[in-house]
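Protein sequences appear in the order of chains H and X.
Okay, so the first sequence: first residue is 1 according to my numbering, each after it adds one.
Okay, so the second sequence: first residue is 1001 according to my numbering, each after it adds one.
No wet-lab data here; the hints were simulated from the structure.
Ideal Cβ positions, reconstructed from N, Cα and C, are used throughout, including at glycine.
Fair warning: there could be bad hints in the mix.
Said to hold, decoys possible - Not the full set, but computed from the structure, chain H residues with beta-carbon under 10 angstroms of chain X:
hint : residue
1    : 87
2    : 99
3    : 232
Said to hold, decoys possible - Pulled from the structure, derived: some chain X residues nowhere near chain H, Cβ distances all over 12 angstroms:
hint : residue
4    : 1004
5    : 1036
6    : 1100
7    : 1126
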Amino acid sequence: MTVAVRVEQLRKRYGHLRAVDGVSFEVAEGEIFGLLGPNGSGKTTTLECLQGLRHPDGGVLEVFGCDARTDPRGVRRLVGSQLQESALPDRIKVWEALRLFSTIDGNGQGWEGLLDEWGLSERRNAAFGDLSGGQRQRLFVALALVAEPRLVVLDEMTTGLDPAARRVAWDLVAAIRDRGATVLLVTHFMDEAARLCDRMAVLRSGQVVACGTQDQLLAAAQLRSVVRFTATAPADLGFLDHLDGVDEVIRAPQAPVIVSGQGPVLARVAHALVARGLEPADLRVELPGLEDAYLALTEDVEPTDADRR
Amino acid sequence: MRAVPGLAWLEIKLFLREPLTAVFVLVLPLVVLYVLNGVFGSQPDPSVWDGHSPVDFYTSAYVALVLATIGVLSLPVHLAGYREQGVLRRFQASSLQTSTLLGAHLLVAVVIGAAAALTLTGVSILGYDATTPHDILGVLGAFLLVSVAFASLGTLLGFTLPSARAAQGLGVLLFFVFLMLGGAGPPRELLPSAMLRLSDLTPLTYAARLLRAPWLGEAWDLTATTVMVGLLLTSTTLTTWRLRAG
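Generate coordinates for the entire structure from the input sequences, incorporating the hints supplied.
Now the structure itself:
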């Protein structure tokens, strides 16, 4: 496995505020890796340090073995990025922007192809200020790709887009990976992370509170599954209290029985019921999702303004 | 650095698409030239304008005014806007170095200044019988120094002022102060003493003097040169410090 990004014990403070306080994670080549966390958790600062836009106070930052602290220009040659709150001059035309960035970052070739690839050919003479949100995102992605980067950084690319445009943006991210690039994606939409990311790190107050695949994050959050069914004689269900992993059983008259717990609760409840000849037709389970895991991992934290640039 | 010409060409196109600054730089000085020449005529008056004919005196002042306007109005509004909107961040995240960006803007300031200066000079000579420059190389040298000095002041303002709106407010204010007190408006000899002192503090006064001397075949103005070089060095030093600190 080639390591695309290595961040170890990254620290950055603004005055008294520890914006990033010992963040570590690794991204493998070809992965789509998500950085999740509430506003002020240090995501954007981490990305900016990684691209050499900020000087970290300490830690290791490498992109494909290139040290972001000693060789920020070398890193920028490997990275294409779409930054939060970045823009282009309103009156620049689509083709002018692509050509400019291809001269800055690359060899000035190949930008015409990107116009077609990202569906911008019809808007090539449009001014940036006249583009729709979705078209701007496509232009930013095209600009990020103009120098054939090995790592593409996308910071909240779908914030402010309508649902249809978000779906299109997701397809763009998948398409970037299909071109062979590694993707580092910052988002606070859990459906987006669940859909796109192979692995992700959850940040809270400048620290990584969990890192791994979606399943690993769910396990780390130790969330309870909830099983519900209707029983004719709820009073006879005392055996459910003693099942492995069951934390709580609610048996109210005239209401479904609610069993909550961790682990394979549904299988255990179903097995216990069937063993006693009970076969409720409406037995169902509510599994916790990534959003529940995220909220559990990041709860009890007051948002701070550390996420500003 | 190889990105400088491409970026400069693009910035020139963006400048021409920006109506406000283009009007201030390219059109307004021509209007002022037209009005003041209509008012003062072309007869030299020994009591004012150092004894020169009004058009000879004003042409160099307007060229200086145009260069100063690029420096204190168009450049700061543009750069502060870039900072505000995140254009600068977008550039910094690419391989573009800030020095390349500044180099391109300096080139743009000089090119736009040259275009405006040539237009003004042409109209003055053809329309109002102004004197052609005596010492072309001297005028060119003075033009470059004034242009670069005000452009460096503009860069400093663009990286210091909080927003494009602030830059625009200050820029328009300075434009009118320069116009009225820097030698491009009423003759110095008619200014009350308080305004005369203000006029002596206005960089435009020295920029106009620097251009006028070789234009009319007089001795090179050393005081004016010192002021312009001082402006250039101070602005460049403060800009460098601002960029390092930021």
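Evaluated hints:
1. 87: 4 angstroms, holds
2. 99: 8 angstroms, holds
3. 232: 64 angstroms, violated
4. 1004: At roughly 10 angstroms from the nearest Cβ of chain H, residue 1004/X sits no farther out than 12 angstroms, so the non-interface label is violated.
5. 1036: 33 angstroms, holds
6. 1100: For residue 1100/X, whose nearest Cβ neighbour in chain H is about 8 angstroms away, the distance does not exceed 12 angstroms, so it is violated.
7. 1126: With a cut-off of 12 angstroms, residue 1126/X remains clear of chain H, as the shortest Cβ separation is near 33 angstroms.
The structure is inconsistent with the numbered hints 3, 4, 6, although it conforms to all the rest.
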